[in-house]
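Listed in order, the protein sequences are those of chains B and R. When we follow numbering that gives the first Met the number 0, the leftmost residue of the first sequence carries the number 0, and every step to the right adds one. When we follow numbering that gives the first Met the number 0, the leftmost residue of the second sequence carries the number 0, and every step to the right adds one.
Calculated directly from the structure, the hints in this document are not laboratory data. Just to be clear, a hint being listed does not mean it is correct.
As the list claims (entries may be wrong) - Distance ranges between label pairs, derived from CB positions:
{"id": "1", "chain 1": "B", "residue 1": "Pro186", "chain 2": "R", "residue 2": "Glu348", "range": "54 to 62 Å"}
{"id": "2", "chain 1": "B", "residue 1": "Asp170", "chain 2": "R", "residue 2": "Lys379", "range": "37 to 45 Å"}
{"id": "3", "chain 1": "B", "residue 1": "Arg190", "chain 2": "R", "residue 2": "Gly382", "range": "57 to 65 Å"}
{"id": "4", "chain 1": "R", "residue 1": "Leu336", "chain 2": "B", "residue 2": "Lys233", "range": "37 to 45 Å"}
{"id": "5", "chain 1": "R", "residue 1": "Leu336", "chain 2": "B", "residue 2": "Asp37", "range": "46 to 54 Å"}
{"id": "6", "chain 1": "B", "residue 1": "Glu397", "chain 2": "R", "residue 2": "Gly369", "range": "53 to 61 Å"}
Claimed, not checked - Some chain R residues close to chain B (C-beta under 7 Å, calculated; not the full set):
{"id": "7", "residue": "Leu371"}
{"id": "8", "residue": "Pro384"}
{"id": "9", "residue": "Arg406"}
{"id": "10", "residue": "Ser409"}
{"id": "11", "residue": "Gln412"}
{"id": "12", "residue": "Met413"}
{"id": "13", "residue": "Glu415"}
{"id": "14", "residue": "Ala416"}
Said to hold, decoys possible - Quick list of in silico lysine to aspartate or glutamate cross-link-like pairs, EDC-like style, CA-CA up to 20 Å:
{"id": "15", "chain 1": "R", "residue 1": "Lys361", "chain 2": "R", "residue 2": "Glu77"}
{"id": "16", "chain 1": "R", "residue 1": "Lys379", "chain 2": "B", "residue 2": "Asp271"}
{"id": "17", "chain 1": "R", "residue 1": "Lys268", "chain 2": "B", "residue 2": "Glu234"}
{"id": "18", "chain 1": "R", "residue 1": "Lys379", "chain 2": "B", "residue 2": "Glu234"}
{"id": "19", "chain 1": "R", "residue 1": "Lys287", "chain 2": "B", "residue 2": "Glu234"}
Backbone N, C-alpha and C define an ideal beta-carbon position, used for all residues, glycine too.
Residue-level listing of the chains:
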Amino acid sequence: MKTFVGIDLGSTTTKAVVLDEEGAVLGRGITNSRSNYDLAAEVARTEAFVSARFSLLRAGVERAAGPAALDRLLRAFRLEQRLVQWARLRQWIEASAPRAAPASLQSALAATLEELFARLVAEEEERFRGDEAADRSDFFRDAAGSAYARVAQEIADPRGVTCDLLIGLYDHSIIAVENEPLDLGFPNHIRAALARCEGAPGVAEAAQAAASADLEIAASVGTGYGRARLPFPKEQIRSEILCHGLGAHAMFPATRTVLDIGGQDTKAIQVDGDGLVTSFQMNDRCAAGCGRYLGYIADEMNMGLHELGPLALESRAPVRINSTCTVFAGAELRERLSLGERREDILAGLHRAVILRAMSLVARSGGIADEFTFTGGVAKNPAAVLALRNLVAENYGERRINISADSIYTGALGAALFARRAA
Amino acid sequence: MTEIAKDRSMEIQKEMLADHYRRLEDAPKSGEPVVYTFVPGNLNELVRSFDALPVFPEINALQSAMRGKSAGYIATAEKAGHSEDVCSYVKCDVGMARSGNVGPTGTRLPRPDLLLLSYTGCYTFMKWFELLREEYDCPVVFVQVPYQGDGSITPGHRAYVARQIRETVIPALERLTGKPYDEGRLRESLARSARAEEDLVAVFESAMRRPSPIDAYFGAVYYVGPIFSAFRGTEEGAEYYRTLREEVEERARQGLGPSTPSGVLTRQKYRLVVEGPPNWTHFRDFWKLFSDEGAVVVASTYSKVGGTYDFGFRHDMEDPLGTLADYCGGCYTNIDLPGRVRMLADYVERYSADGFVIHSVKSCNSFSAGQLTILREVEKRTGVPGAFFESDLVDPRYFSPANLKNRLESYLQMIEARRGAAAR
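With the rest of the complex left out, here is chain R (with noise of 0.2 Å):
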């Protein structure tokens, strides 16, 4: 297989992940405390002014499938009782957590202290959680958000689940820690955030260059990795953002294309945009197929799975609960499918993309749901042709490498072939 070329950003991203994950092993001996949180509508900002350790189990789940273990952990948790059907990231991490709880990096992950559910759209996290409760006997701390029906977050959903932070998530987070709520902490944390997601932006906009100096989805995942997780509201995350940002301008200014396993895609043929999340046992092979045809992601929706940040949405310092709660209900799988279209006819068009791909995915319904719907409605109002791809996220079983090659290959020539004809 070939190697990507590594960006510096990608460099300075393992060493902060290869940090965090050597806390968290020590963190029995150091006595900081852990919560067990996920990516959507994450409070890391807050959970680390109290100077708590986060700990991401589907982030783990789906660093186990690129390291090719996950076939196993879910056959694990299989002979445990869980059957085909179970989402693969569940299944993945139960089967971790049997298997002596070793995470991405090859150390140990420490037992969760608190289980912190700020993100109620996908109801397999409340099933989630209660399985990790069952298997390490901690307290949950649980966040109704509501799903944002009409389309936004109005502001008796804001004040709901502020309250809900205020008198719940706080109290909990302080008797954990032993520290008082430090609200003047939580600001300056929440500053930080919104430079990052200022950088992130303007990375993710830069795909509007041609070529595009990033690869939106498959690239993008890595420059998600820390603002949807441990280092959102981090001095060292600011920083990772503001490198990455001056990386991905001097790239554009080179007129250089993304690192991809196909080499620097310069010469870019197709400019998609892509739903769904991507299949992480094959990632390099999913984005090879991609890449070896010359076709660049300009902007995907997985990439705003823990933000929508590109629609106008920083934390802010001035409101610090209020800033969180729209945070908890702003992720993308907590917009309406009306808001679904939008923002992907929305991204078509913006990016001057050439097609859509909708990769569906077994084990996520917060996904996979109305994505037929999504496809048409997109297509109808762009008019450009969308393609719809299925496979898993983490489960290698659902993975078909010639299924998915013929129908990329089938839907880019497609492509072609009404250039051609519209050429004509």
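Same shape as in the complex, but just chain B (with noise of 0.2 Å):
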């Protein structure tokens, strides 16, 4: 079968959109960009094709099993990953050990290692048989982190080997974990998923067709801050503008007005009724009020960057905020919290300040006709939303708003559907 893929790098995450024939999204996978963009891509394609597979044997498993057995495939082949990702991490952090510790301590740190990596894989052994909900990042960085961190705490000794020698380890050798290509690909993982679930008959036969069908990239095009970077001729580099653009009219064809809240760019886009840009606004002198801000105020307050939105929508009487400059944020923040304001009123007024920021874009590319859509990383913030939410109708007045649970993915489609017609 001919695929078409687009990959969206990010400043990040990035991103990948695999399209079948008829332009109908296959599969999708994202994962965090890093110092390494091939790798991103390399990454994020791999996971595409991955989650394009798991489509192609979707019918088959639901009409042998049910989907209760799709999703638990599905679960075993994630656990088959997570082994190869920490057992790769555990080998990374003994080989540091040796430099980390003095020789007195070697064989506690050795032991500790150990205990430490055994409860870690029990417990995710442990979440697959009790079926409990996946993580709720996607990232192996910041699940087996906390997990890390938890346990390292539980078993560290304060007089041999401490919670800062264990993290330290961790710290080091995770960027290392993440540098690397690991085998994750469907081929790979999903004879030793089968043998974990009991299997009705046909879920085997319907994940053997899915592991050989022939998926060929027909064409790919790359798109994002890192587009320079992937190995693809100019002609298959499109700007993020355009592939937003595109993107959001495939998702919601009666979109006119797109508002994407990235990393480090914020940009307000106008399509026509075939989601070709008519007209674009950026920031650029500046990246106050773009989604890394809100990176720097999770990390401010100790917080996950998944965290922040939930606890602003608690705020009943948001704070003001003027500063959206990334930098003072911080200080404001400290003081706003010395004065005894509350912390989810702060948050509130800190995603309004955003929203404000990208508001005033959005008047410049032309303002909300009609029909809105709002992709980008921050679409996922319950509260940016909120607060999108009220601007637009205190300045606009009522307008439907298009939020995709699959915004993320935005771009990567956008450069998938021009893959596709390019080719």
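Dock chain to chain to rebuild the complex, using the hints, since each chain is given by itself in its own frame.
Structure follows, in structure tokens:
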């Protein structure tokens, strides 16, 4: 089967979308962007093809054993991938252990690491058996980091193998794990995943068929900040403005205005009835008010990025925040906290400040006359969405606002559609 | 970085500038009086008819930026108490003055004997000369130039400015130089200005051809250098424009594009109009962003800051003071917003442009105020999409190459996609 691939190398995450011959989405993959763009693109593409092959086996497995079986197979597959990552992390940590601690501690350290990883792996297996919901974060770094820190704290010895030592080893090694290609593709793990699931008749056959399906990449297009680094010729590179416009149009054909708030830029785009861009505005002198700002705030508050929005939604009296300067935000945040303001109220104010900046770009690009689509990582944040809804209503009246659950893939989708057009 | 091929006119200009700056360096010894003045609305013919030598601080600032000196000069000015938000031309000039006043060709600039402000449309100019007055303790002459609020220079405006030239500027120059006003000499000079202006307009209008033999923004910066500064009205200035026109006409005959940082740009994929001054700290990089994409600029407003000759104005030897008054009020930033919209829309249409780009600079409110309105209006009138870029004149901290590249590529791809759609 011919497929078309779009890759969006963002400043924070790299996304890939695989389309089938008809232009329907077959698979999506995401990873955090690293210093190595080629690798990030490869990881996202591998993930997208894993997801594409799951699309192919979906109908077969559901027919044979029902939706629960498909879900279980997918979780088994994720577990297998996770185990590869844990094993590799352990190798890196053990390799750097001799330099990280004095000789007198080495045997205690080895024993601690043995226990640590045994518990982490057991937890993964337990979660799979217990049918627990998947992690909130898609990324190994985030999920592994919090589990590792928790277990490390439990088993560390303040007078021997300290928690600091263990965390230091993790910090050092996780980067290495992220920056090497790991074999996480479909054919390598589907067999082991099947073995973990009590096989209803037909499941293995469907998986086998999906594994052997010939998914040929007919064309690829790259976009996003790192696009120039993609190993693609120039004509296979498209600006993210065009990709976001076309991607949003594919998701919501009636959309005429698109707002994308990404890691370090914000784009307001107007598109016509064919998804072609007619006008756009971006921030360029300064990245204030972009997604990275929220990341910085999360760091300042010692929270996960995905926890910010839900906490801000608890606000009943949002604080007015003046600065959207990323650096000043830290100072303003601490000052507000010292004045006794509630965290949720400050956060609600910060989200509003981000959206206010974006609204100015929207106005510059031509305003919102019709259906409006919000994309980019920040569209996942419920407090940002609420602030946007309020400000759109205040400035333009009632407008239909589309937010796709897959909005983070909008740019990659647009790129894949361009690839399909070009082929 | 790719070195752009040097056209003959560029070599001539380089020599003219070197000579001029050498004369300026020698001025303290030769006794030639020195007048500092600004580009918009400058009275170069009058100043030179008194054998005084002009210095243009904003040209020194932009030249400093092109030579990579502005960051240091700006830092010096900031240390001396000027905030980050002050116009970067001013800070660059103040910093240069405090760093030995070495000009663009590496020679020392003389102190001013007179500060002559002949365009008041930019309030920053006034403050700038206040600062220089403090620095040098020399007289200032100040011509109030009315804004073209109703879109034209009225007879009242002309008479008002001409009277100030007659009653204030000329006596000040007579006092400075000890020479009487020589109207015959001024007239001859104005006649030479008009000839150069005629040639320059022919150069600008050559961009109506396909391919355009010139780049009317980045390339035009060099073309307008002499006429906006010390050489308008001089014999060598007139000669320069004759040579330039021949050179451009020859290039047009051969069907060649302009020399750019990406080589001779004959295959021109996009014809653009540009509004706003360029960024000077990354001038070549900025140009290369365009030329690498096959984008050529066919008309720009920045090349009219020292006179909108292509809309008919010529210096008139028959009415020396009236024509100088018109010139003071006729520079681009003295035109009201509807006038600027008309001008840009006219360029887009007359030069068959695919798009227009507004380069908005932090430093210059005379240019930047109202630019988003201009963008919308020109789009509405011409149906051609506009793009909006932001950076600064000479403060390198405001130039973000990755963002500008991103934006330009997006913009040109948008034009391309729309062309494709139109073709279908």
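Checked hints:
Between Pro186/B and Glu348/R the C-beta distance comes to about 60 Å, which sits within the given range of 54 to 62 Å. Checked against the hint of 37 to 45 Å, the pair Asp170/B and Lys379/R fails, with Cβ atoms roughly 55 Å apart. Between Arg190/B and Gly382/R the beta carbon distance is about 60 Å. The supplied range of 57 to 65 Å therefore holds. The hint said 37 to 45 Å for the Cβ distance between Leu336/R and Lys233/B, and at roughly 39 Å that hint holds.
The beta-carbon spacing between Leu336/R and Asp37/B, approximately 49 Å, falls within the hinted interval of 46 to 54 Å. Distance hint check: the CB atoms of Glu397/B and Gly369/R are about 31 Å apart, inconsistent with the given range 53 to 61 Å. A least Cβ separation of about 6 Å between Leu371/R and chain B falls short of the 7 Å threshold, and the interface hint therefore holds. Taking 7 Å as the C-beta contact cut-off toward chain B, the hint placing Pro384/R at the interface holds, the least distance being around 6 Å.
Against a cut-off of 7 Å between C-beta atoms, the interface hint on Arg406/R holds, since the closest Cβ of chain B lies about 6 Å away. For the restraint placing Ser409/R at the interface with chain B, the shortest Cβ-Cβ distance is roughly 4 Å, inside the 7 Å limit, so the hint holds. Hint status for Gln412/R: holds, given a least beta-carbon distance of 5 Å to chain B, under 7 Å. Nearest Cβ of chain B to the Cβ of Met413/R: about 5 Å, under the 7 Å cut. The hint holds.
Checking Glu415/R against chain B: minimum C-beta separation of about 9 Å lies over 7 Å; hint violated. With a cut of 7 Å, the hint placing Ala416/R at the interface with chain B holds, because the nearest CB-to-CB distance is about 5 Å. Between Lys361/R and Glu77/R the CA atoms are separated by roughly 16 Å; this keeps the pair inside 20 Å, and the hint holds. Among the hinted pairs, Lys379/R with Asp271/B is consistent with the structure: their alpha-carbon atoms are about 16 Å apart, no more than 20 Å.
As the CA atoms of Lys268/R and Glu234/B are separated by approximately 15 Å, the hinted pair is consistent with the 20 Å bound. For the hint linking Lys379/R to Glu234/B, the alpha-carbon distance of about 31 Å lies beyond 20 Å, and the restraint is violated. For the proposed pair Lys287/R and Glu234/B, the alpha carbon gap of about 19 Å is at most 20 Å, so the pair holds.
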